[in-house]
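Next come the chains, spelled out residue by residue.
Number of protein chains: 2
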Amino acid sequence: MRKVGVAILGLGVVGGGTYRILKSHREFYQKTQGLDLTVESVLEPDKAKLDALGVDPSIVASNIAEVVCNPDVTIIVECIGGDGAARDYVLAALYAGKTVVTSNKLLYAKHSEELERAARQHNAGLQLEASCMGGVPIVRTLLSGLQANIITSMVGIVNGTTNYILTKMTEEGASYEEALENARRLGYAESDPEADVEGYDAVYKLSILSSLAFHTKIPVDKIYREGLSKITKDEISCAGKLGYVLKLVAVGRQSGQGVELRVHPAFVPKEHPLASVGGCFNAIFLRGDSVGETMLYGSGAGALPTGSAMVSDVIYAAKHIDEISSGRKAIADKVKIVTDFQSGFFLRLRLADASDGLSKTTALFARKGISIKKLHRLDGDGKALLLVTEETKESTLHAAIGKLAEGGVAENDLLLRVIS
Amino acid sequence: MRKVGVAILGLGVVGGGTYRILKSHREFYQKTQGLDLTVESVLEPDKAKLDALGVDPSIVASNIAEVVCNPDVTIIVECIGGDGAARDYVLAALYAGKTVVTSNKLLYAKHSEELERAARQHNAGLQLEASCMGGVPIVRTLLSGLQANIITSMVGIVNGTTNYILTKMTEEGASYEEALENARRLGYAESDPEADVEGYDAVYKLSILSSLAFHTKIPVDKIYREGLSKITKDEISCAGKLGYVLKLVAVGRQSGQGVELRVHPAFVPKEHPLASVGGCFNAIFLRGDSVGETMLYGSGAGALPTGSAMVSDVIYAAKHIDEISSGRKAIADKVKIVTDFQSGFFLRLRLADASDGLSKTTALFARKGISIKKLHRLDGDGKALLLVTEETKESTLHAAIGKLAEGGVAENDLLLRVIS
Chain R
1 MRKVGVAILG LGVVGGGTYR ILKSHREFYQ KTQGLDLTVE SVLEPDKAKL DALGVDPSIV
61 ASNIAEVVCN PDVTIIVECI GGDGAARDYV LAALYAGKTV VTSNKLLYAK HSEELERAAR
121 QHNAGLQLEA SCMGGVPIVR TLLSGLQANI ITSMVGIVNG TTNYILTKMT EEGASYEEAL
181 ENARRLGYAE SDPEADVEGY DAVYKLSILS SLAFHTKIPV DKIYREGLSK ITKDEISCAG
241 KLGYVLKLVA VGRQSGQGVE LRVHPAFVPK EHPLASVGGC FNAIFLRGDS VGETMLYGSG
301 AGALPTGSAM VSDVIYAAKH IDEISSGRKA IADKVKIVTD FQSGFFLRLR LADASDGLSK
361 TTALFARKGI SIKKLHRLDG DGKALLLVTE ETKESTLHAA IGKLAEGGVA ENDLLLRVIS
Chain W
421 MRKVGVAILG LGVVGGGTYR ILKSHREFYQ KTQGLDLTVE SVLEPDKAKL DALGVDPSIV
481 ASNIAEVVCN PDVTIIVECI GGDGAARDYV LAALYAGKTV VTSNKLLYAK HSEELERAAR
541 QHNAGLQLEA SCMGGVPIVR TLLSGLQANI ITSMVGIVNG TTNYILTKMT EEGASYEEAL
601 ENARRLGYAE SDPEADVEGY DAVYKLSILS SLAFHTKIPV DKIYREGLSK ITKDEISCAG
661 KLGYVLKLVA VGRQSGQGVE LRVHPAFVPK EHPLASVGGC FNAIFLRGDS VGETMLYGSG
721 AGALPTGSAM VSDVIYAAKH IDEISSGRKA IADKVKIVTD FQSGFFLRLR LADASDGLSK
781 TTALFARKGI SIKKLHRLDG DGKALLLVTE ETKESTLHAA IGKLAEGGVA ENDLLLRVIS
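Chains R and W supply the protein sequences, listed in that same order.
For what it's worth, my numbering labels the leading residue of the first sequence as 1, then goes sequentially.
For what it's worth, my numbering labels the leading residue of the second sequence as 421, then goes sequentially.
Just to be clear, a hint being listed does not mean it is correct.
[Stated by the list, open to error] Distance condition first, Cα-Cα at most 25 Å in a straight line; then the derived DSS-like pairs of lysine-lysine:
{"hint": "1", "chain 1": "W", "residue 1": "530", "chain 2": "W", "residue 2": "754"}
{"hint": "2", "chain 1": "R", "residue 1": "31", "chain 2": "W", "residue 2": "756"}
{"hint": "3", "chain 1": "W", "residue 1": "780", "chain 2": "W", "residue 2": "794"}
{"hint": "4", "chain 1": "R", "residue 1": "31", "chain 2": "W", "residue 2": "642"}
{"hint": "5", "chain 1": "R", "residue 1": "270", "chain 2": "R", "residue 2": "233"}
{"hint": "6", "chain 1": "W", "residue 1": "530", "chain 2": "W", "residue 2": "756"}
{"hint": "7", "chain 1": "R", "residue 1": "222", "chain 2": "W", "residue 2": "451"}
{"hint": "8", "chain 1": "R", "residue 1": "319", "chain 2": "R", "residue 2": "329"}
{"hint": "9", "chain 1": "W", "residue 1": "661", "chain 2": "R", "residue 2": "270"}
{"hint": "10", "chain 1": "R", "residue 1": "334", "chain 2": "W", "residue 2": "451"}
{"hint": "11", "chain 1": "R", "residue 1": "241", "chain 2": "W", "residue 2": "661"}
{"hint": "12", "chain 1": "R", "residue 1": "329", "chain 2": "W", "residue 2": "813"}
{"hint": "13", "chain 1": "R", "residue 1": "374", "chain 2": "R", "residue 2": "403"}
{"hint": "14", "chain 1": "R", "residue 1": "110", "chain 2": "W", "residue 2": "451"}
{"hint": "15", "chain 1": "W", "residue 1": "530", "chain 2": "R", "residue 2": "31"}
{"hint": "16", "chain 1": "W", "residue 1": "756", "chain 2": "W", "residue 2": "813"}
{"hint": "17", "chain 1": "W", "residue 1": "749", "chain 2": "R", "residue 2": "3"}
{"hint": "18", "chain 1": "R", "residue 1": "329", "chain 2": "R", "residue 2": "217"}
{"hint": "19", "chain 1": "W", "residue 1": "754", "chain 2": "W", "residue 2": "813"}
These are computed hints drawn from the structure, not numbers from a lab.
Remember, predicted model here, so these are calculated numbers, not experimental data.
Work out the full structure: start from the sequences and follow the hints.
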């Protein structure tokens with residue numbers, strides 16, 4: 001049986017999960033994969049973490065050189081996070097010709113070119129399934145399951161923390177603050193939740209996934225980002241009234257015009273497969289030119305789900321040790337980024353006059369070439385109106401909003417994008 | 421650029437779709453995969469099919485020997501179906517050391533051992549993504565995305581025809597016959613729909629998927645099968661009243677006792693991710709020991725979705741031409757098949773007496789150790805009762821049903837399994 005030595009850098013949540021799976025499943029992988037996967041080296045300065053996992057002190061390395069120079073180590077699993085030490089260590093591993101398996105979305109999103117180049121130059125493998133959506137095998141699927149397709153669009157719920165918060169708000173009527181506090185208490189949100197609730201985490205994932213899907217390089221700073229922190233019960237309630245649920249989505253679309261990339265809260269139709277993705281779960285809905293609509297769903301985070309992705313990559317890498325870099329092939333270094341997004345929109349309006357305001361408003365939208373998909377007049381004085389448009393360009397919509405007064409609208413406050 | 425020659429056996433729906441994708445995407449694969457995939461040979465006796473696709477007559481082979489002896493052909497795509505000529509041709513291809521990509525579920529389900537042996541003996545690859553669930557990349561996911569996991573259960577909606585019929589019945593109140601006729605008219609059902617509606621198609625797929633997931637060999641005749649043809653509006657309506665939808669499911673479960681395998685109609689809770697899988701779509705919901713719950717969703721049939729799976733396999737095979745057989749490794753030739761299934765159950769009962777019947781019935785179930793999960797008394801004389809149990813063994817349930825008269829039940833008619 002082929003023996004393949006693994007090193008783990010960092011024994012936090014994901015590193016610990018990976019360690020536990022490798023240890024507890026060793027015999028299972030011997031039988032099912034014909035591989036003897038052994039943990040030969042661990043780099044983790046925190047003795048408490050080592051003790052909690054019962055790591056044999058003889059395999060604990062004192063520095064990265066000890067790990068990359070260890071001839072028994074073939075695959076190095078990076079679970080440190082960030083792009084400080086993690087970047088240096090991953091580069092050191094690739095320079096030494098070791099295959100790297102990483103869960104580090106920030107590192108790959110920001111430095112993929114440097115990492116892929118190092119991998120190619122030193123004939124090293126680079127696997128990144130665990131960097132996106134935890135246990136959902138979306139990276140492998142894009143590389144080896146749907147690669148026959150020109151992917152035209154993807155809409156993902158790629159952040160579990162924000163999806164938990166929105167599910168609590170939707171299903172239990174919690175306020176944003178209550179839901180966030182709840183997520184913190186359960187360990188679903190960090191003490192500083194900014195990376196999640198402001199959408200940075202989703203931006204890193206979208207950068208990686210759209211680079212893979214569209215065969216290009218999408219820099220993180222080219223992705224439009226709008227977080228969740230301004231969302232109140234108001235938006236949630238309007239979504240429900242109109243037959244939608246509010247979700248934080250990561251959207252990538254490709255057309256002749258270029259590529260559209262955005263992370264923002266959006267209304268998702270209740271009958272859309274993404275609408276029922278609740279709590280900490282993640283999902284991604286893709287359209288390919290041949291396959292049509294397809295979706296992957298699963299746990300987006302956590303020690304064992306992400307560990308599952310890490311170890312699946314370790315097994316894949318062990319069986320394809322000659323595969324260089326990640327298998328990703330960019331066909332365009334520079335891609336045209338479309339910023340005048342095409343989307344449906346939700347608006348809340350207050351008419352100046354209940355009797356003729358509605359006809360004036362619809363006439364205004366018609367003049368601007370915007371079709372109205374749904375219209376809901378709220379109870380009360382008949383002046384409050386919820387409205388959903390068909391897909392239109394943002395510039396067109398904003399031009400119409402600038403003329404709302406002419407359309408008999410006294411006030412407008414809420415404005416959100418709608419997934420179709 | 422590496423040139424890889426492909427031959428296609430059979431230009432029916434799937435073969436035609438595969439041909440069209442390979443032809444129209446040739447430049448795309450050159451750019452994104454670094455592969456020049458060319459159709460070098462086609463075996464199809466029907467001239468009308470050749471003409472419809474505009475196949476160059478110079479690549480039309482007159483027999484299988486011409487295809488397998490063609491030195492320009494590296495990968496042979498089989499889209500003939502059945503296990504007559506298809507089996508002979510696939511074996512001939514493997515004997516010649518050619519990689520085979522197939523969509524033939526019947527062939528692989530019935531003859532996997534023979535095919536895998538031939539592939540290993542002649543250093544040939546064998547890819548079968550398209551054999552299960554059309555465009556849904558479940559085979560690749562089991563082999564290369566979730567392989568770190570011990571899969572404990574899978575529940576799939578793996579047949580589009582029956583899912584279309586049930587969706588029509590549920591959403592539009594159509595009768596079974598009306599829905600089937602409708603499916604026929606739209607080309608979703610064959611003129612002889614038995615393979616679909618009686619569950620044979622689902623059995624083949626479950627045999628393949630559970631063999632992969634449980635690392636064993638599941639013969640098709642070990643799978644319990646119950647079709648759809650006895651389903652009426654009655655069952656659909658009861659499902660709705662209790663918060664379920666009726667689906668034809670393929671279930672595989674693995675435990676210390678062995679493996680449970682069954683295809684049958686079942687109630688699926690409305691909040692379950694499978695419940696919203698409508699029309700011709702397919703989905704499979706899996707539980708892995710590390711990854712937890714995960715689901716894949718997409719088009720289960722059709723020229724282009726299945727063609728997408730075929731061509732994705734062709735690309736994978738072209739890049740991993742040294743990979744022998746399908747990568748499947750059975751750890752147990754013989755597995756214990758559990759036939760006393762563990763499941764929730766739905767029953768419709770008619771009490772002898774509206775006043776004390778209910779307490780007698782619940783007492784009977786309690787004595788048998790069966791917990792009642794849901795209970796719904798129908799309007800009317802108070803004697804008609806819908807009941808859902810928690811998971812129990814079928815033998816236990818049938819023992820209880822034998823004693824229903826003692827439980828104050830005058831009649832019982834409907835009985836269906838429930839997915840939890």
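To see whether the hints hold, each was checked on the structure:
no.	hint	in the structure
1	530(W) x 754(W)	holds (15 Å)
2	31(R) x 756(W)	holds (18 Å)
3	780(W) x 794(W)	holds (16 Å)
4	31(R) x 642(W)	holds (24 Å)
5	270(R) x 233(R)	holds (18 Å)
6	530(W) x 756(W)	holds (19 Å)
7	222(R) x 451(W)	holds (24 Å)
8	319(R) x 329(R)	holds (21 Å)
9	661(W) x 270(R)	holds (20 Å)
10	334(R) x 451(W)	holds (15 Å)
11	241(R) x 661(W)	holds (24 Å)
12	329(R) x 813(W)	violated (52 Å)
13	374(R) x 403(R)	holds (20 Å)
14	110(R) x 451(W)	holds (24 Å)
15	530(W) x 31(R)	holds (24 Å)
16	756(W) x 813(W)	holds (17 Å)
17	749(W) x 3(R)	holds (17 Å)
18	329(R) x 217(R)	holds (10 Å)
19	754(W) x 813(W)	holds (23 Å)
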